[in-house]
Amino acid sequence: GAVVSQHPSRVICKSGTSVKIECRSLDFQATTMFWYRQFPKKSLMLMATSNEGSKATYEQGVEKDKFLINHASLTLSTLTVTSAHPEDSSFYICSAPAQAGELFFGEGSRLTVL
Amino acid sequence: KQEVTQIPAALSVPEGENLVLNCSFTDSAIYNLQWFRQDPGKGLTSLLLIQSSQREQTSGRLNASLDKSSGRSTLYIAASQPGDSATYLCASNCGTTSGGSYIPTFGRGTSLIVHP
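Taken in sequence, the protein lines are chains B and H. The first sequence runs contiguously to residue 114 in our numbering. The second sequence runs contiguously to residue 116 in our numbering.
Be aware that a few hints might be false.
A few chain H positions that, by computed beta-carbon distances, are all more than 12 Å from chain B [to be verified]:
1. R55
2. T74
3. R108
Mimicking EDC-like on lysine to aspartate or glutamate, the simulated pairs with C-alpha atoms at most 20 Å apart in a straight line are [said to hold, decoys possible]:
4. B:K42 / H:E3
5. H:K42 / B:E102
6. B:K41 / H:D84
If you are wondering where the hints come from, they were derived from the structure by calculation, not from laboratory data. Glycine is no exception: its CB is placed at the ideal position from the N, C-alpha and C atoms.
Given only the sequences and the hints, what does the whole structure look like? Please build it.
This is how it looks when you write it as structure tokens:
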């Protein structure tokens with residue numbers, strides 16, 4: 001299957017700093033990527049849909065200025081958590097649809113804000 | 001709005017049993033349905049994708065079926081092994097984004113433990 005790579009897998013930062021997470025489709029082009037947040041033992045919560053060449057579409061309740069999404073190319077989308085607070089600590093996962101609409105996921109990024 | 005429900009939420013079985021995991025969805029106008037596996041602290045691994053025109057897909061010991069009219073999909077795991085222990089999620093794809101990609105809706109998953 002297709003490969004989606006996410007980096008970093010783990011990051012620890014201080015409150016008030018910004019953290020950038022990258023999501024790359026390695027062997028296919030993705031005009032759309034999805035960003036999710038997952039709390040312990042909970043299902044995925046869609047945060048936003050990243051669109052190459054246009055603004056991201058955010059789900060209701062997700063702060064656009066807090067979670068900046070940039071779809072820089074057909075193989076790269078980034079999520080920047082700005083002015084991070086401890087409540088932003090979570091597991092963030094990206095995905096991209098490949099051929100026939102099959103979704104492929106990155107490995108996830110564990111963010112811990114101290 | 002599409003809603004996806006997975007039953008049971010958790011399952012614990014001895015090794016060797018055949019299992020059925022259930023997924024139901026409210027909007028039958030789906031483009032495809034996909035089953036995933038998630039290990040703790042990891043991303044999701046795609047297991048099977050069933051297009052709306054298909055009835056089932058098979059991969060090794062896994063078989064997934066789709067009945068659009070009743071809004072149901074099942075994942076059958078044959079001869080379960082301890083390595084099958086994970087959370088299994090289904091996702092239905094309905095509608096499209098502005099870029100033409102499907103929008104997935106996930107169930108909450110079934111947490112499976114297969115003990116030796």
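How the hints compare with the structure:
Against chain B, the non-interface label of R55 of chain H holds: every CB pair exceeds 12 Å, the least being about 16 Å. At the 12 Å boundary, the C-beta of T74 of chain H stays outside the reach of chain B, the nearest C-beta of that chain being 19 Å off. The Cβ of R108 of chain H sits about 4 Å from the closest Cβ of chain B, inside the 12 Å cut-off, so the non-interface label is violated. Distance hint between K42 of chain B and E3 of chain H is fulfilled; the C-alpha atoms sit about 16 Å from each other, no more than 20 Å.
Pair hint K42 of chain H plus E102 of chain B holds up; C-alpha atoms about 19 Å apart against a cutoff of 20 Å. Distance restraint check for K41 of chain B and D84 of chain H: the Cα-Cα separation of roughly 18 Å lies within the 20 Å cut-off, and the hinted pair is therefore satisfied.
Hint 3 from the list above is the single one not met by this structure.
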